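Chains as they are written, first to last, in our numbering: chain A, 173 to 485; chain B, 45 to 620.
Calculated from the structure, these hints are not laboratory results. A portion of the hints provided could be inaccurate.
Unchecked claim - In the DSSO-like style, the derived pairs of lysine-lysine whose C-alpha atoms are separated by at most 30 Å in a straight line are:
hint, chain 1, residue 1, chain 2, residue 2
1, A, Lys223, B, Lys481
2, A, Lys223, B, Lys295
3, A, Lys225, B, Lys165
4, B, Lys59, A, Lys221
5, A, Lys223, B, Lys399
6, A, Lys225, B, Lys399
7, A, Lys221, B, Lys241
8, B, Lys165, B, Lys590
9, B, Lys481, A, Lys221
10, B, Lys405, B, Lys295
Stated by the list, open to error - Listed below are several chain B residues computed to face chain A (Cβ distance under 8 Å; list not exhaustive):
hint, residue
11, Trp79
12, Met82
13, Thr83
14, Phe107
15, Trp200
16, Ser368
17, Ala371
18, Ile388
19, Leu397
20, Phe416
21, Leu431
22, Ile500
Values in this document were obtained by computation on a predicted structure and should not be read as measured data. We put the CB at the ideal spot given by N, CA and C, even for glycine.
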Amino acid sequence: MGRLFDFMLPENKSPLTADPTDGLFHFINEVSLIFLVGITIALIYFAFKYKRKSDNDYTPVITHNNTLEITWSVIPLLITLVIFGWGYSGWLNLKAVPDDAYEIQVTGFKWNWAVNYENGAQTLNEIHVPKGRPVKIVLQSRDVLHSFFVPDYRVKHDAVPGRYTYVWFQAEEVGESVVFCTEYCGTEHSYMDAKIIVHEPEDFETWLEINGGGPSGTPVEQGEALVMQQGCQTCHSVDGSAGLAPTFQGLFGRDEQLADGSTLQADENYIRESILDPGAKIVAGYANIMPPYEGILSDDEITNIIEYLKTLE
Amino acid sequence: MAAAETNNMTTLQVKRFKPSENPTNTYLTDEKGVWAWMTTVDHKKIGLMYLASVAFFFAFAGFLAIALRTELWEPATNFIDADTYNKYFTLHGAMMVFFVLIPSIPAALGNFVLPMQLGAKDVAFPRLNLASFYIYVIGAIFTFISLAYNGFDTGWTFYTPYSSTGSTGVIWVTLGVFILGFSSILTGTNFITTIHKLRAPGITWDKLPLNIWALYATSIIQVLATPVLAITILLLAMENIMDIGIFDPAKGGDPVLYQHFFWFYSHPAVYIMIVPGFGIISEVISTFSKKTVFGYWAIALSSLAIAFIGFLVWGHHMFTSGQSAVATTVFSFLTFLVGIPTGIKIFNWIATLYKGSIDMKTPMLYVFIFLFLFSIGGFTGIMLGALSVDIHLHDTYYVVAHFHYVMMGGTLIALLAGLHYWWPKMTGKMYNETQGKIAAILVFIGFNMTFLPQFIMGAQGMPRRYYNYIDQFQPFHQTSTIGSYILGVAFLLILYYLVMSLIKGEQAPSNPWKSRALEWQSTSPPDFHNFAHTPVVINGPYDYHKPMEEFQLGLAVEHNGHGEHHEVETEETEKA
């Protein structure tokens, strides 16, 4: 049976956070199975043993039995108190971030995870972490509720707009683990996954150095990096293929038919407005689903993005 | 009719009223035609109208479930797109919860059975009862209007801020649920009053059928919890329409506050759905084991305990939401406490079987299925109440499987048990027993095949409300989908033989199961006024050691009928 219960859980790649959970998972399964087997045997046994023989069967009058009532109230109560205490201590462990934890900022938004590191490095849907060191993920959300779930680490927490929440773990082997969004957030909810990539500590330092310091290069290169980083391509393709939003290919200078029936040419000011206040002018055939980037992108960044879009002919 | 009064005892003139096996006048023959049905205040007809509506919504939402499972046969797009999938699961959940599970047992079966079990002619407020039904219909119409407005895809929980930035469809459906809530409140009020005021002579609180205790507990929850749902939805509407920041952080609100409001209703609502099921189980298990229920008070009072503690556990839906750590701890603790009275019930039911005379007819088969499935639902509930484990399992398929074991394996199986149990009484016809058993076994197989794999993939990390999934989960999804088809076939079979029983079923005897319960001491189908006399009760509803004649007594003097006269002493109930 132990093997079935093991099979039910994903690989344990962060024993410090997963071990207490897995132990309790096994315990509850085992106790439940004992009770369930008992109940099932009693049901089947009684069904055969006391099968009705005739309509005039005599049955004894047994109204109650206080000893039995107390027994089957107190024993389950004690067992559940043990489970409560066990679950509580495991949960305290999940809340207690070790002091030397390495902190990474993760922001959920429809339908991506943006990741920011201490030295300015940024990634999208990829979280690079060092092996053998506690990592604290500080979560926030830019639009609706999301939830950050790493099955391999047994950690999960909602990303709530307007406040910070966190999870921590310590990956003990180099490799990858999947992150799921587990709070329903709309059309692409089930595609909102990410990867945690665990490096040897020295490899992680190298990776961090190479990627640190923020964007660099020409305005077009910076604009392209921003489009990737902000997850624009989740909905806006750059190669003309259909998506949840108009393609970026050939956008600049294109005549767009709007939902209200009017037509306009996509120029710098229209693109700028569409980034800061996406709901103002919706292209016909598309839904108003894009979050506003007011306060998230600077003027220079918007300019760079426009320069990049101009190159997509 | 007090002839002598000593020590709170009243002597009543009674005689035996043996129900006719060939009634000429029944509630089905008395008022005929569509208009008579639509304007009836008869609790039995209203119960049947609820039953038909519930069956309609169940078929509709069940069809959506089949579509969802078919889509999940393979990852990514199979035959519907993501937006359609999201609307389907939202509609499936919302309809099953608000239009099927909540009204199913209390409003449909409860309406039919409750006054009969009390020996009353009707509920206390018959017109209000009809009003409840129409409010339910209006709520349903609003939900369908929302479909015309491009539907809604928020999940049945309507979590903010996603729901407050959604389509206008959301407003219509929440309005529908708001209206529906009043139906629930009025039915609860009606039942509480009826139980207090309209019990036949002799039905003291310790002689109430356990089904009545269960409906009593349910009604209390309905009356106390449902207004909070109305408040929540009003606040949601105020935010959407008047732009007041309550739940949406962009307007200065707090989304976690919404979750508190929502679950403050919706967790007790889970007990509105399951507690009446407990009542049916008690009735059926006693009848088909021909035996006094073991631990009458334990079962009766545990329903009230569940109703009470059930109000204090809502936060266990929010362990990962960011609610305060103290709240999380307390909610986890209380969650385990609510599990205890539920466990007590299961043990008492099993003890009732001991040395019984067990007749495995279709309703009893459903009770056995219930006890197995609901136990699994309970144990996995303990798993989800444990804080550290819930962090891992929250919002995965494990939760989906858990609440289907409780809601479908519990409530719906109990509903099927009750439906088959009272069908002869409601319709006056017998259904095909063999087909009934085959369907029950198919339901059992299909159900487990659908939902057992979901425990495994959930624990492995498969999140709920996912249109797409990673390949490793595919075998579980496919098993689950096949199981859902078996379930679908089983329900079609049930529909088939129930319809056939109406068309050419055998005439049902007045008491085919030889039950001692009062509702079986009427004709099948019952008289328009349930009983042509005022029943008098001197024994408990499960006193199988006493002869059937003692359960068929009624006031002798009201009617100038002939026959032998007894004198019985009954405790005067507190008829204030």
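Evaluation of the provided hints:
no., hint, in the structure
1, A:Lys223 <-> B:Lys481, "holds (16 Å)"
2, A:Lys223 <-> B:Lys295, "violated (65 Å)"
3, A:Lys225 <-> B:Lys165, "violated (37 Å)"
4, B:Lys59 <-> A:Lys221, "violated (39 Å)"
5, A:Lys223 <-> B:Lys399, "holds (9 Å)"
6, A:Lys225 <-> B:Lys399, "holds (12 Å)"
7, A:Lys221 <-> B:Lys241, "violated (43 Å)"
8, B:Lys165 <-> B:Lys590, "holds (26 Å)"
9, B:Lys481 <-> A:Lys221, "holds (20 Å)"
10, B:Lys405 <-> B:Lys295, "violated (59 Å)"
11, Trp79, "violated (44 Å)"
12, Met82, "violated (39 Å)"
13, Thr83, "violated (43 Å)"
14, Phe107, "violated (22 Å)"
15, Trp200, "violated (11 Å)"
16, Ser368, "violated (12 Å)"
17, Ala371, "violated (13 Å)"
18, Ile388, "holds (6 Å)"
19, Leu397, "holds (4 Å)"
20, Phe416, "holds (6 Å)"
21, Leu431, "holds (4 Å)"
22, Ile500, "holds (5 Å)"
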